[in-house]
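Residue-level listing of the chains:
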Amino acid sequence: MMELDVRTDERGIGVVVPRGRLNMVSARSLRDALDTLVNDGTHRIVVDLAETTFMDSSGLGALIAGLKTARQAGGDLRIARPTPAVTTVFELTNLDKVLRPRESAEAAFDD
Amino acid sequence: MTEGHELGRLQVNGHAQPEVLDEVHTELEQLWETTSEVSMRDRMRFEMGLMEIVGNVVEHAYRLDQGSAARVLSVSVTVTDTEVRGVLADNGLPVEVDLGDVTLPDPEAESGRGLAMALASLDHLEHARIAGCNRWTLVCERSAP
Chain A
1 MMELDVRTDE RGIGVVVPRG RLNMVSARSL RDALDTLVND GTHRIVVDLA ETTFMDSSGL
61 GALIAGLKTA RQAGGDLRIA RPTPAVTTVF ELTNLDKVLR PRESAEAAFD D
Chain R
1 MTEGHELGRL QVNGHAQPEV LDEVHTELEQ LWETTSEVSM RDRMRFEMGL MEIVGNVVEH
61 AYRLDQGSAA RVLSVSVTVT DTEVRGVLAD NGLPVEVDLG DVTLPDPEAE SGRGLAMALA
121 SLDHLEHARI AGCNRWTLVC ERSAP
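Top line first, the protein sequences correspond to chains A and R.
My numbering applies: residue 1 is where the first sequence begins, and numbers increase by one.
My numbering applies: residue 1 is where the second sequence begins, and numbers increase by one.
Please keep in mind that the hints were generated in silico from the structure rather than gathered at the bench.
Note that beta-carbon positions come from the ideal geometry of N, C-alpha and C, so glycine has one too.
Mixed in with the good hints, there may be bad ones.
What the hints assert, rightly or not - Here are a few chain A residues that face chain R, going by a calculated C-beta distance under 10 angstroms:
1. Val6
2. Thr8
3. Phe54
4. Val89
5. Leu92
6. Ser104
For reference, chain R alone in the conformation it holds in the complex:
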């Protein structure tokens, strides 16, 4: 459940294809304009975590579903006076995620940093399989102004 008094929100629904990344990013920038009291540091933290998880969903959609347009993604972000919360749901194949086992790869690795970055930037990150959907919950607790 969202904590605190709601100040703004966004909702994006679309296919889990690379184009959705810019769509979500643009919507998020517009949301920051209407919730200017969120500190720059909190914006950067949430933005990094959200875009890594959206990227992760899109990447898995391509790898597991062969780029099928059937995988549909919904992204909602809510800003309150105490937190910024994102919920992502997609109808793709179940993803096995063990967030307790995520570490940064070797410095020379060209991939595999996304989840570690999301975990480091957010205060709370959770993945669950609910009613046939992969569901991610992301929370950034807002720092004092």
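So here's chain A without its partners, still in its complex pose:
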């Protein structure tokens, strides 16, 4: 049970907002959406996790896959505003170093 909003902002940055649970079922949609963005030429992507109530290892895998695809295309994938449950997953897997949470989707590519 997840809704996925995908848009490209005025700077050409892809903004992906998963709403609800990011689990084995919905991770596939996220993976496809990230692939489509990169294939269509959007190489800088921010995933706004403010409304992601839960994320499992499949969701994490989809983010890592998206990160690799974006970097291979010369871009990057960043995450913003993770909820406490999602932050715990990043910390527990030591991936908070690889995907450092940003304070907002708008400022995710400021550095």
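Could you slot chain R onto chain A? The hints should help.
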């Protein structure tokens, strides 16, 4: 055996297919509503462990049984004043699990973190093959309020 005075429980029976993940998750959220004294931290720990193990069972059902609808999964969760305990049983092919050998994969890996996450989030995780069923036992000891 469950430890402590029982405050609530849930039971889900279904086919080991991806749809069961949301069914179990929704039931668990409803259980938390009736057992509001369980801390947010304990809820998150148990939820993470439970959903990883349910996901693991569903994934193996697809890989080993070619997505056969024959694999049936039962999930029960009991909340007491001292712990949250989950028991999962499925009638699928025997799964070889060595929980002593589970580590986190390379940061770039796209899979293989589920059991490590479950082990890290729970206080006790056990897999056994009992009477033709894979049986998982998960325990989160409740922290003091």
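- Item | Broken hints, by number | The structure conflicts with hints 1, 2, 6, although it agrees with all the remaining ones.
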